[in-house]
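Colleague: Please model the complete structure; the sequences and the hints are all you need to start from.
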Amino acid sequence: MTRVNTVLGPIPAEELGIVAVHEHIGYGMPGSELDSTWWKSPEQRYAETVPKLRAFHDHSREYGGGTFVDATGICNGRDVDYYRSLSAKTGVHIVACTGFVGGDTALPFFERASVDYLTRQFVHEITVGIGGTGSRAGVIKVGVSRGGRMTGLDKRIYRAAARAALETGVPILTHLAIDAETAIAIFNEEGLPLDRVLFGHADDGVNAEKTRDTWIAEQGGRVGFDTFGYETELPDPPFWARPRRERLDHFLRFIGQGHLRKVLASADANCSPLGWPGVKGHTVNYIFEDLIPDLRAAGLDERTIATVFIDNPADFLTIQS
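Taking our numbering, I'd label the letters of the sequence shown as residues 1 to 321.
None of these hints come from the bench; they were simulated from the model. Each hint should be verified, as a subset may be incorrect.
Straight-line alpha carbon distances no greater than 27 Å define the calculated DSS-like cross-link-like pairs of lysine-lysine that follow [to be verified]:
| no. | residue 1 | residue 2 |
| --- | --- | --- |
| 1 | 155 | 210 |
| 2 | 89 | 280 |
| 3 | 40 | 210 |
Modeller: Set out below in structure tokens:
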């Protein structure tokens with residue numbers, strides 16, 4: 001039987017429904033919970049988050065349910081007890097991750113951590129549970145630090161992630177798909193099949209031109225177009241925004257090049273951002289309210305849309321035993 005780790009326990013991959021594969025319940029840099037400028041009480045966070053997840057659940061009913069993959073790594077506001085409560089309250093499957101958004105978001109405790117130590121940390125969170133929650137991570141997060149090239153810590157995290165993925169069978173998703181040559185070299189050295197890696201943010205407005213998305217797919221990797229909705233047309237767009245049509249055309253071009261089975265899509269939205277104001281008007285529900293209608297208007301049929309949002313993520317998230 002196929003299975004995927006969610007915060008309320010493993011479920012068959014066939015029950016995932018439509019999947020938002022790279023999202024955040026609440027993301028912030030280490031220490032952001034102490035920043036009085038953007039501090040939020042648990043009640044405020046709950047009031048911001050529950051309506052978005054309930055809307056996600058309602059939208060996903062026609063697809064047999066919905067799954068929200070929280071890509072918030074260690075040190076960035078991950079709160080698995082909270083995720084469990086939200087999942088039970090809204091009916092949305094939530095997948096939590098182990099790993100780090102990037103070496104530059106890790107607390108000093110981890111700066112000199114060895115590959116062996118990091119591997120043990122990731123494996124424990126996947127096979128035993130995160131903290132004392134008993135909830136097991138379903139994916140490993142890795143990332144490239146600021147500057148666009150992997151640091152020594154980044155490389156150790158990637159190598160540890162590869163080893164943990166091989167030992168446990170869960171996949172890896174990345175923050176940014178730049179410096180992919182270094183990442184793929186590490187994964188190849190460790191013997192990790194590249195279809196177990198989703199190279200994320202291939203479509204963001206800062207790095208899209210530097211991302212070798214077709215090359216990654218040709219090597220066997222999966223490619224994430226997962227910043228949909230961060231548009232220059234927003235009232236106050238973030239620096240990584242991109243014109244709506246330009247991103248959509250990039251996505252359609254990638255599919256048209258024969259890479260449909262390699263692509264996954266998401267919005268990378270924050271339900272309730274921590275330590276920063278977030279981007280108003282952008283939620284995970286962009287997938288239903290804007291992206292899927294745009295894909296239909298562009299001529300994609302329902303079978304193709306299901307491949308992107310149901311079949312590909314189910315295959316990716318399934319634990320490979």
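Colleague: Look at each hint and say if it fits the structure.
Modeller: Taking the hints in turn, this is what the structure says about them:
{"no.": "1", "hint": "155 / 210", "in the structure": "holds (19 Å)"}
{"no.": "2", "hint": "89 / 280", "in the structure": "holds (24 Å)"}
{"no.": "3", "hint": "40 / 210", "in the structure": "violated (36 Å)"}
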